[in-house]
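Protein chains: 2
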Amino acid sequence: MVHLLSKQTAMLTAKPPPSCSVFLFIIVLCILGFYTLHYPHSTPSSSTLRNALRFHQNFLSSATNYTMAAYLRALTLHPHLAGTKPSLETIHYVETHFKDLGLDTHTVQYKTLLSYPVHASVSAHFSDGRYVELPLIELPDQAAQGVVQPYHAYSPSGSAYAKAVFVNYGRDEDYRRLGVLGVKVTGCVVIARKGGLPRSAVVQRAEANGALAVLLYTEGDKFRKGFERGTVMTGMGDPLSPGWAGVDGGESLDLEDSEVLKRFPKIPSMPLSAEAAEIILGSLGDAQVPPEWRNTLRSKVDHVGPGPTMVNFTYEGERKLATIHNVFAVIRGLEEPDRYVLLGNHRDAWTYGAVDPNSGTAALLDIARRFSLMMHLGWSPRRTIILCSWDAEEFGMIGSTEWVEQNLVNLGSKAVAYLNVDCAVQGPGFFPGATPQLDNLLFEVTKKVKDPDSEALTLYQKWTATNPDVSIQRLGRTDSDFAPFVQHAGVPSIDIYYGRDFPVYHTAFDSYEWMTKYGDPLFQRHVAVAGVWGLLALHLADDSILPFNYLSYADQLKEGYKDLSNNLLDGTVTLHPLVTSIQEFAFAAKGAEMEAKKLREQETVSDLITLKKRALNDRLMLAERGFLDADGLPGKKWFKHLVYGPPSDHESKLQMFPGICDAFLLARRMSERRGQAAIQHEIWRVARAIQRAASVLGGELP
Amino acid sequence: MVHLLSKQTAMLTAKPPPSCSVFLFIIVLCILGFYTLHYPHSTPSSSTLRNALRFHQNFLSSATNYTMAAYLRALTLHPHLAGTKPSLETIHYVETHFKDLGLDTHTVQYKTLLSYPVHASVSAHFSDGRYVELPLIELPDQAAQGVVQPYHAYSPSGSAYAKAVFVNYGRDEDYRRLGVLGVKVTGCVVIARKGGLPRSAVVQRAEANGALAVLLYTEGDKFRKGFERGTVMTGMGDPLSPGWAGVDGGESLDLEDSEVLKRFPKIPSMPLSAEAAEIILGSLGDAQVPPEWRNTLRSKVDHVGPGPTMVNFTYEGERKLATIHNVFAVIRGLEEPDRYVLLGNHRDAWTYGAVDPNSGTAALLDIARRFSLMMHLGWSPRRTIILCSWDAEEFGMIGSTEWVEQNLVNLGSKAVAYLNVDCAVQGPGFFPGATPQLDNLLFEVTKKVKDPDSEALTLYQKWTATNPDVSIQRLGRTDSDFAPFVQHAGVPSIDIYYGRDFPVYHTAFDSYEWMTKYGDPLFQRHVAVAGVWGLLALHLADDSILPFNYLSYADQLKEGYKDLSNNLLDGTVTLHPLVTSIQEFAFAAKGAEMEAKKLREQETVSDLITLKKRALNDRLMLAERGFLDADGLPGKKWFKHLVYGPPSDHESKLQMFPGICDAFLLARRMSERRGQAAIQHEIWRVARAIQRAASVLGGELP
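Residue numbers (our numbering), protein chains in the order written: chain R, 128 to 829; chain U, 128 to 829.
If a hint is listed, it holds; no wrong ones were tucked in.
Each pair may be met inside one copy or between any two copies, as identical chains are not told apart.
Derived DSSO-like pairs (lysine-lysine); straight-line CA-CA distance at most 30 Å:
| # | residue 1 | residue 2 |
| --- | --- | --- |
| 1 | Lys-644 | Lys-577 |
| 2 | Lys-644 | Lys-427 |
| 3 | Lys-764 | Lys-389 |
| 4 | Lys-226 | Lys-238 |
| 5 | Lys-717 | Lys-575 |
| 6 | Lys-685 | Lys-725 |
| 7 | Lys-739 | Lys-725 |
| 8 | Lys-574 | Lys-685 |
Hint data in this document are derived by calculation from the structure and do not stem from the laboratory.
All chains should be modelled from the sequences, with the hints used to inform the complete structure.
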């Protein structure tokens, strides 16, 4: 068009006769006429793209650390445990922030079963008749400030007066080791250090070994007065509405329903501080601590017991219905409002929650601020962006799980990706997790974000320099809000945090002071997390072709297959179905990648190209759903994802195919023939799931 | 544009100076330039629509009865039972027909467990010592032509020599009635007339009442030598691959696996002709036939027995793996190739299959002919149309079920609708079935098709005249290939046939001769069926907004609720969840209808409108999937659709919510408290399914 115009002007320099001015007028007229007629069709997507990139620059340049410091300060003024009055202030704070930014804001409530302590006491009674009441709060004044006393949510009430015994991490292998030493834990109060297993698994194993109660402590050289609070409920979401949303007035199971009871442990448990634990552990007699335990022990323990020290333990708790609140801000997509990119972080905390989770909340609020700025500058995303502030994550991902269950079909057909941030900033170092089709995007985005702890490096340079073989965690864990999205709804997901294993996890010391003193004094790590998080969202929301690459998924599946054949395979079953299904998947991934490349080059807009892109994007978005299976994992049917999920066998080295791992475990309790058949059936189920994903990605019907 | 052009020509009449010809040249140049540049963007959809309507006219005008007569003749030359050699000819015939029309044709094979007879004999032994061997084939020469001897597929082999007893339709109420008469059927050979129950249900009930074997006959005034062959397997698809596709080399369960065994009856059974049955029934003594049975009896029976007549029964059959073939012709959509409109009909027959199913196959082949004609005239559908010729339907919807299981995720995200035709032409009268969002389309289409049995009437006029309250059947039945699409995959579906209850069903008399003599001598009913079927497909494939109307679905749900509260509700449980969920659904249906109306008026094409239409169409397409539940119906988890499906309680008058009906049935065997809880839970599950459908249709996340 510009070309034609210049052509005209060229002619006009040739001094035309006056009447020609009329023609000139007409020419301009037709040109303008066509221009206006056809403007809507003139390659908007390329221009949108240009604009989008410009706005992505705005996003990066609008980063500020002081805003995030202010948000964090405000969020952590008081403890804000889910379902308690003080938590309402944080809800209000987030709502107001979103609304003041002019974002479309709403809050969804659920009535769910939470759990709170009423009374607890633990005393150690020594062989010489002395006894000591153990401290059950970090600092007395914190109790005064409303910090909840240390407890395990959903632990039954109960008491015990019995010999103490040390069981290391409380894993099956630890009990086997004790067995070799001739140590019986039956009728004892078990003391375990936090390590290999989830809290609930430690209690289950103690229960299975006949213990009366469990005291769980976290080792550490600093903050040894800290108690790690936490839930001991198994499974995800409100126990009264398994698989559906616990909306007020909806179906709610009876507290005595077997489906409910199976979620809770049968013996009571409590957290201890390292300091308190050592008072007991230091006084144990009988068998020596095995050397392989001693190597990693950071607390003073010589003997495992049982006894002679007795523990007098009482815990009284209550389970009660409480209202929880998820807060949402929706930025409606201009071209594809029915495609969702979700950013999620929980808001509820065991205590002040400066790291867990509000460092993430601060980042979420700052992203909201910067997105709203961009909107004032004229930006609208291509797809809908939803900022999610979850409640009651600490009790078992309850806020996010209820919402995912409530919106399962809509999310299943429309959710592009879920981006989770929980303990955003714990210290130095970048530690992302992702479903593998998002690995490449993660790399690309970190190349655009400055590293917070070095002068001239990008986050990508620092990250890859410090980990030669860059490791991205996979999302089979159930310890944050990505779990319902990946493992129940099959939504491609990312989980990012900065630093790890921070020493004040779930203690009263997880405060703004700790963050400013140790975690992120200058809040530049907050800036880095928000930068990565927001930029991931912007690409997923604005790129006309979704930035998914399934080749890395195929590689991961191959790795998973190798681990399986190396660690588990004993020749009695065949992994062949897995091999062929992974080949099918890799083939489909290559095909999709080539199509994406071709379509990326076609930036013009026409009815056909638009629909072609949408069709390919649907395949990219939906392939992950192929891994879901209606029957779910054996014995855990809520977990529908057959590739990533929690295995029952926590000691397995395998990161993938939890159902197959568990089948090997279960097979030990069956006749050889039935056991092998069960394993082979699980292998078939996984193979078919991978085939389904391949066929979605490939897009063709046989 | 035309307007601007005329403007130019107007100017040119004003005798311009020669140099102006250059300008004229340039003007034309720019105009052409823009024209070519922008042609692809100039409102194609409205023009496509005009074209589409023109092509739909071509479709109607290209109807011919002689082509269909020829197809039917060719298909019915020989019996073509699934898995047998003669059936290969029909596969080849359909493949060749599609290929010769230039259609993209392919065939998908499965290895599945079918069942064939080896030997059978039935003799009646009278009290006076006489006995008679009963005829076990319609006509000897038909056996010679390869008609399979009458049998029940998957019946176990076995024999019995015992008293005969007449059990009417073999329903629970019939056995209760016999109980009142003091008649015990334990240890007897049961004789039942075909009526209220599916074949397999008759055998199950006889088994439950202690019978040794079942002889099932079909009443009739004509063709009384006919034997109704059929399957007695429960459930859908290949028993060796429940829930997944029985592809060669895939997982296949052991024949002795409990999952497999539970699909088969435990006592042998066989069909009898009305003539043969009367030889036994006429000679029974003991209790009189109850008057309420006698009223509907068309065969001569005075007493129900048991005895004195004895039946000597032997059946020997074999179950063996056989290869089955689904044949497909794909007409790729131009704008939305990733959206599928499926037309399906099975090809396999018990005998010659002139009515069942090849009257439908003839219609399918003629639609293929006419679509190919339209393609030569320049038509391409907006969405992909797939013509499906299924195999092994008679054994339990095996061909269609395996294919649906194989493509579950792809169909789940891309199938717009499935249009089934089985026994297309049985005689006079139009008898459609549909999931309710397709009711309106059915009405509209029948207004465009001529009624085959009256001069100046449309099919719609005749249909509505003969049924003042036009009844469209619903698709909770499992007797044809729509079942896997509706009940496993949640795809909106239609099932149409002309005439009903034809007397030669599954007998050797279902032949071309019967069709030309009784069913459709002039093949004009074939023309009508093909017209309706093809036109339904054309609208679903070409209309830019899918012709779905969910208001009728909401009405149906309300009806279902009323029936439920009238027939079942005893005040101990609440239907309130159902009421509110149906209100939500009706609200969403109104909303979607209004949006559709608005968008239909926007025929211009722009990136935004195109995507808006696509987004609304996705909601319309996917709403049906909301009714699916991963856990499926209680005790029948393969059946995922909670609104339409097969109830275990065949005597229930309820057409909807099979899970709730069965819960009432099961509750009788539980404590009152547990029974009520179970019913209430099913009500909740259905309510949530309707809510899911509503949220998909509404399209908004809470």
